[in-house]
Each structure stands twice: as structure tokens, then as C-alpha cells.
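Asker: For this one, chain A is given, so just place chain B on it according to the hints.
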Amino acid sequence: MVGSGILKGLAETARNFVGSYASEERMTTVEYPEEKLPRIEASRNFPFLVFDGDDWHAGMRCVSCQICEKECPPKCIYIEKSTDKKPDAVGKLQNYPARFDIDISVCMSCQICVEVCPFDAIKMDNAFEYFATDRFGDLVLDKQKLSRSNEYYHQIHPTEAANVDAELAAARAKAAPKPAAPAAAAAAPAVAKPAAAPEVTASTANKPAANDPAKESNG
Amino acid sequence: MASMNTGIVEQADQIFVVLKGAVVSHLPTILQPLVSAIISVIAVVAVFAGLFALTTVFERKGLGRMQNRLGPNRVGPFGFFQPAADGIKSLTKEDLVPRAADKIVHFLAPVVLVAASFLGYAVLPVGRNMVVTNLDAGVLYFFAAGSMVELGVFMAGWSSHSKYSLLGAMRAVAQMISYEVPLVLASISVIMTAGSLSTVDIVAKQAQYTGTIAHWYVFTPWGFAGFILFMIAATAESNRCPFDLPEGESEIIAGYFIEYSGFKFALFFAGEYLGMLATSALAITLFLGGWSAPFSFLAWVPSWIWFFAKLLTLIFCFIWVRGTLPRLRMDQLMGLAWKFMLPMTILNLFVAAAWRFVPGGLPVRWFVCAAMLVIPFALLSRGLRSEKKLQTRTYRFAE
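Chains as they are written, first to last, in UniProt numbering: chain A, 1 to 219; chain B, 1 to 399.
Chain A with its partners taken away, still in its complex shape (with noise of 0.2 Å):
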């Protein structure tokens, strides 16, 4: 008859009503300020840049390499190469960004920067809860503004901070037999390599020179 599944709906409304003040489970609010859920380990939002240790100028992984920066499809990473050297999280010394700027106006968190940095240095944030005051300045963020500990980073992607870890201790590792003794024939590579490096990223770092007044124009 007309009207018999419209009586069925009514029922099961009237079910979830009184229900929802009966039970708790069937609530599936979560009230957000106050309460938050727990972050899936592999959500993303914005790069930020690691650093061991507590001196996040002194530890910063970033070698300047300027990988991120040229292949970053939105263009919203700029860098400035350092003229002096630091030794990088492996020990060997190395240039580091004198700036390293990231738009997050304009970043799109495809965390394509991450996946080719060759030293573990720039990894995806899963911070969410952002804001600024002025759209322009404060939404481009400085290398100290996007530095972030190992340990921040081991917090929140712990699973994928570990092997990261893991990698870098093996790569210490092989570095350090540089001033043990037997390893006289190991550590002529071991000190070409940072010879040739640097070789490396300098014949690229002319290029991105030319992109600057483009890039600071859009800042």
C-alpha cells in the first residue's frame, strides 16, 4: 500500500535518533579543536627540511644540490648555493644552501622533491593546521622556518624514518674507515668522491641563476 516504506523510513530515523542519544558508538563526529584523530603515517602536506642533531643550522642534511629545486613541477623551491663548505650528515664536507625558500601558496605536496634528493634531506610534513597573516611573506617559508629534527621526523613517519636511518648509518659507515689504518687503498675513493661531487652539482648550479628574476618576481 502507498505510504508503508515511507513508515519503514520513519522508523529507522526515529532509530537513529533516539540512538544517537543512547549510544556513543553510533556518533561518528569527531568534535575537530578539541579532538583530533591520529595522523595516517603516510599523509602528506608540505616539504620541510631535516636536520640531525639540535643545531638545525649545523645539522641540516641539505647540501645545496639544487635536484629539488629543478625538478620541482610547480617551480616553488628556490635555492641559494653557499660559497663555503660544512660537513653533511655523513661527514664529508659539502656545500649548503645559503637560502632555501619554499612557496607553500604555490607547492602542490606532490612530494616529488623528496623522492629525488639524493641525501635525505627534504621529506613531506604532515602538519595541517597552518595559517598567515600576510599572504605574501608568510606564505613563503625560510630554510629556518622549514627545518624540522630527526626526531620530529622520526614521529612522524616513523616506519620510513627508520630505514632512512638505517641508510645513513650504513653510508657513516663506509665513510668512516677513512682514519683507520688498513683502510689506506679504501679511502682514496672515499675522499675522490667528495672531490667529484661538488664537481657535479657546480657545472648545474649555473642554471638555475638565469631562472632568478622570474622566481623573485613571482615571490
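By construction, these hints were calculated from the structure, which means they are not laboratory data.
Accuracy of the hints is not assured; some may be wrong.
[As the list claims (entries may be wrong)] In silico BS3-like cross-links for lysine-lysine, where the CA-CA straight-line distance does not exceed 25 Å:
#1 A:92 <-> A:81
#2 A:92 <-> A:70
#3 A:8 <-> B:339
#4 A:85 <-> A:70
#5 B:103 <-> B:93
#6 A:75 <-> A:92
#7 A:8 <-> B:89
#8 A:145 <-> A:86
#9 A:36 <-> B:61
Given the structure is predicted, the values throughout are model-derived calculations rather than measurements.
Answerer: Relative to the frame of chain A, chain B by itself:
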């Protein structure tokens, strides 16, 4: 002791009437009718506008609960000050008028709509001796004033100069005119039985008791059927879900008020809710005994409390239906009005007449009248179902 009790009951019941009388009696005689009318109007506007605000928050919370959500709970205790936040928001928003719009009509449409929605309240008795004006043709006046809502809706749709708003207005007018027929026919059975068009008289007729049970018309077979039919038509009249095609968010975005923003939009919203409250109040007046108590031993509860309790219950039913049913299609809507509602309401007129003239005791009348309603209803619903023969659709070009 008993007389003292009845005295207190009487005072609680008539407290607003006495208060108004006290205020008016201090004025010169010549001003008294005018001031009395103004006080009544202000009271009605304030109370029902407040009830509108309350309904919006109740609706949002109730719908949330029906979907196992919390609903608004941020502004004030349990979110009950949400309407204040909504009001401030709509007042501070920019008032956009399309360049191509007919400016005057575009401005007038929400005003006409809300004014028309308020006019009906003039004849609704909200308590014993509590009515703005007791018109002899009160029910007729109510429907006449209510039909102005269609004018407001069409003014809005036409003047906005937008295809969506025009489509919405066309739908609204088609729907409201179609459902006005069963709405009026459903109430005619009450008018026939009560022998009066005055809302005050209709309520007075129902405020009598046989034993402990009141003479509410909803307690009779024709009254019950009439009440259901009236409420279905009232839902369609006030453009409520499942008859909210004029708004139809998914296909015509907001329908006739798509080009309105800020407080004008809020006025359309208010008009819709005030219309719903007014038709619910009329349903209470016609079928649910107005301000009277259902049982004589509950008659000590003040009459206005009864009225507003019934009103809130009916509003809850509106919210409940909205939380349950999806929107109808346009042909289903029209089919329901003309193929189902119209025959049933006309039949209900005959049942109401039979209730009056069938000889024998109450059980015989009950049996005859219920059979007169249930059998045609079953046949009609079967007929409506068998009619739906879906053809296999052939596509000429898309094969």
C-alpha cells in the same frame, strides 16, 4: 480549596489576556482598540519570529541526530544561540542585486513573502481568548492571505532575471497551486462539520468533552484522514522536503531565491519557516483542537501551553519527514497531487458527511467511515502502482 485551584488555573490560562487588558485600560478609550491591536500584532510577530529561530536550530540538531551527527553545538549552551550567529552573519553580508534584475520587484519579493506569511497568524487562536482578530471567515482569510506567498515567490523568480530562479519559481507556483486544492478540500470537511469558518468557533466546537476524551476532529476517521492529507499538502505548500523542488539544490541550486544574498536570503528562509508554522498552526486549529487539552483531566494546563506544545510536535514531525524522505520528481509530485490527494480529499468530504448522517452508535459510524476510507485507499494505491508500466527504452543514436 477547589475554587482557589480553579482561580489559579484561570489566572495562568488568561495571564497574557489580563496583562494586555491592564496595559490597555490605562489609556484613553479612543486609543484602546488601536493599542490593543498593536500589542497583539507585536506579540505574534515576536513570538513566531522567535519560534522560527528556535526551529532552525532544532531542525539542524534534529537532522544531525537522525544522521548520527551532533549538529551545531558551538554557539552558546548546546549550540542554542546558533540563530543569533546566523542572523549576525546574514546581516553583515553584502546585499547583491544582479545588474539585469528588476530592482523594485527584486526588493519587494522577500518583503511580500514575509508579510504574506505573517498575515495568516491574525486568525490563529493561540490560546483561550488569545487571537488577534476573530474573523467570521477566518479560514477563508487564512488561505487568501497564504496564496500571496505564491506571488512573492514568483516575483522573486521573475525579477532575478536568471533561468534558475525562473525555473524554481515556475516549479513553486505549479506546486503550490496544485497542493492548495487538496489543502483547502481537506479543511472543508472540518468547516462542514463545524458549520463555521471562524477559527475560534472551530476550536470551541472541539474543546468539549465526552467522558474524558475531547471532541477533536482528528479522533474521527474522516478527521484523521483529513489531518494526514492536510499535513501532506501543508508540507508541499511550505516547500518543505520531500516537496522542496522549487529549491532543488542539486538541479537548480536554490531555485527562486538564488539571486538573493544577505538578509534578503534570510527573509526567504524566514518566510518558508513562518509558512510552515502557520499551516501547522492551522492544522492544529482545524484537527487537533487548537488550544484545548486532549483529555478533560488535563484541562488545568494553560491553553497556550497546549497550543505551542502541539505546534512543536508538528514541527518535529516536519523535521522527521525531512530527515527521512528524498525529494520527489516533478511528475511524481504532480501525480501525487492530482491522482492521489485530490480523489482522497473529495472522498473525505463524503466520509465527513456520512459521519454526520450514518445512524447507529459510535462503533457503527466508525466501521462505516473507516471502511469508506480504507477500501478506496487500498484500491487507489494498487491502481497507482499497476499503472507504472516501464517501457524498454530504445536509443536511436546512442546504440
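Asker: So, against the hints stated earlier in the document, which numbers end up violated here?
Answerer: 6 and 7
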